[in-house]
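Student: Next come the chains, spelled out residue by residue.
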Amino acid sequence: MSAALQSAAAAAPTLRQAQFDYLLRLGDTSLVLAQRLGEWVGHAPALEEDLGLANVALDLLGQARLLLSYAGELEGCGRNEDALAFLRDVPEFRNHALVEQPNGDFGFTIVRQFLIDSFQRELYAALAQSTDERLAGIAAKALKETEYHWRFSSRWLVRLGDGTVESNERVQRALSELWSYTNEFFAEDPVDRALAQARIAPSLASLETRWRAVIEPVITEATLSIPRERGKLTAGKRGMHGEALGYLLAELQFLQRAYPGAQW
Amino acid sequence: MEKMQRDWPLWEVFIRSKAGLEHKHAGSLHAADATMAIEHARDLYTRRMEGVSIWVVKSSDLVASDPGEGASLFEPARDKVYRHPTFYDIPDEVKNL
Numbered sequence: 007m008s009a010a011l012q013s014a015a016a017a018a019p020t021l022r023q024a025q026f027d028y029l030l031r032l033g034d035t036s037l038v039l040a041q042r043l044g045e046w047v048g049h050a051p052a053l054e055e056d057l058g059l060a061n062v063a064l065d066l067l068g069q070a071r072l073l074l075s076y077a078g079e080l081e082g083c084g085r086n087e088d089a090l091a092f093l094r095d096v097p098e099f100r101n102h103a104l105v106e107q108p109n110g111d112f113g114f115t116i117v118r119q120f121l122i123d124s125f126q127r128e129l130y131a132a133l134a135q136s137t138d139e140r141l142a143g144i145a146a147k148a149l150k151e152t153e154y155h156w157r158f159s160s161r162w163l164v165r166l167g168d169g170t171v172e173s174n175e176r177v178q179r180a181l182s183e184l185w186s187y188t189n190e191f192f193a194e195d196p197v198d199r200a201l202a203q204a205r206i207a208p209s210l211a212s213l214e215t216r217w218r219a220v221i222e223p224v225i226t227e228a229t230l231s232i233p234r235e236r237g238k239l240t241a242g243k244r245g246m247h248g249e250a251l252g253y254l255l256a257e258l259q260f261l262q263r264a265y266p267g268a269q270w
Numbered sequence: 396m397e398k399m400q401r402d403w404p405l406w407e408v409f410i411r412s413k414a415g416l417e418h419k420h421a422g423s424l425h426a427a428d429a430t431m432a433i434e435h436a437r438d439l440y441t442r443r444m445e446g447v448s449i450w451v452v453k454s455s456d457l458v459a460s461d462p463g464e465g466a467s468l469f470e471p472a473r474d475k476v477y478r479h480p481t482f483y484d485i486p487d488e489v490k491n492l
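Quick mapping for you: the protein sequence lines, in order, are chains A and B.
The numbering used here numbers the first residue of the first sequence as 7 and each following residue consecutively.
The numbering used here numbers the first residue of the second sequence as 396 and each following residue consecutively.
Don't take each hint at face value.
Capping the alpha-carbon separation at 35 Å, the derived lysine-lysine pairs in DSBU-like fashion look like this [claimed, not checked]:
1. A/147 with B/419
2. B/419 with B/490
3. A/147 with B/453
4. A/150 with B/490
In case anyone wonders, no lab produced these hints; they're calculated from the structure.
Can you build the whole structure from these sequences, using the hints too?
Tutor: So, in structure tokens, the structure goes:
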């Protein structure tokens with residue numbers, strides 16, 4: 007075997023491993039957020055919002071299923087979407103730390119949603135052009151759903167921010183608390199670099215510019231301000247999570263853990 | 396000072412199920428403004444692909460007939476069966492009339 011072929015053979019699993027990790031990041035972010043939004047069912051401030059949040063949750067769950075199924079096939083170890091969703095523990099999850107943060111009040115949930123919707127919208131728009139055709143297909147479908155999620159959360163952010171003194175204070179507090187979790191979106195690591203190089207995923211720097219351009223006018227319209235401090239850097243996408251995720255997974259995974267292989 | 400209204404105003408929702416058909420009344424919902432009413436209508440009434448277009452109208456903007464005037468409004472039509480187009484022979488080739 008020639009040296010070039012040997013190095014190609016050695017490089018191939020690395021890209022595959024990076025792809026697997028990347029798909030987990032996307033899929034887990036959608037899965038964990040879907041679970042969080044599901045917690046609102048029966049508790050939202052109005053019946054109409056209850057259904058609205060549940061619809062968003064179901065869109066995200068659908069995305070997670072497609073992404074985790076694909077991740078399982080790429081990994082080639084026989085794990086399907088269910089095995090990946092129900093039988094991994096906290097450190098194996100690759101979601102952004104933002105989405106595991108507990109719901110708080112309705113305003114807090116809206117700010118969290120606004121930050122992730124705007125990011126996912128730009129991300130999926132870019133991924134729809136991916137050289138990985140299957141991922142591009144999933145992204146194109148997810149983009150249509152995310153456009154609506156973004157519309158929902160950004161309109162609510164303006165209503166609450168530019169609403170009463172109390173609603174403004176609450177969402178500003180939420181924005182100040184959650185802002186630092188967005189650092190992670192754009193903290194490039196070897197996985198991001200490998201995928202950008204293979205033109206499977208966009209470069210995070212280009213994404214950040216577009217993301218800022220999208221959120222800033224809405225935050226201004228909502229009469230809110232972005233914190234000056236960038237704050238801490240979380241690393242949920244590398245498996246470092248807070249304790250909140252453990253409780254979330256306990257609920258999400260209980261049935262499969264208690265009754266392995268249970269079916270409807 | 397005016398008492399702050401607790402509930403969002405009521406809106407009536409009309410859904411067009413496909414292009415070429417008319418908007419039909421689907422139900423009603425609460426929303427703070429027109430944009431929110433459209434979003435709620437989308438979430439409540441089109442989540443099973445029921446529609447391609449939505450109208451919302453504030454319920455307070457609807458003008459309704461008075462049930463008390465039912466006798467004079469509707470009963471005169473009762474004995475005028477000739478207004479139904481049932482006295483024509485419809486050719487077989489005509490599918491939709």
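Student: None of the hints should be skipped; say for each whether it holds.
Tutor: So, going through the hints one by one against the coordinates:
{"no.": "1", "hint": "A/147 with B/419", "verdict": "29 Å, holds"}
{"no.": "2", "hint": "B/419 with B/490", "verdict": "23 Å, holds"}
{"no.": "3", "hint": "A/147 with B/453", "verdict": "33 Å, holds"}
{"no.": "4", "hint": "A/150 with B/490", "verdict": "38 Å, violated"}
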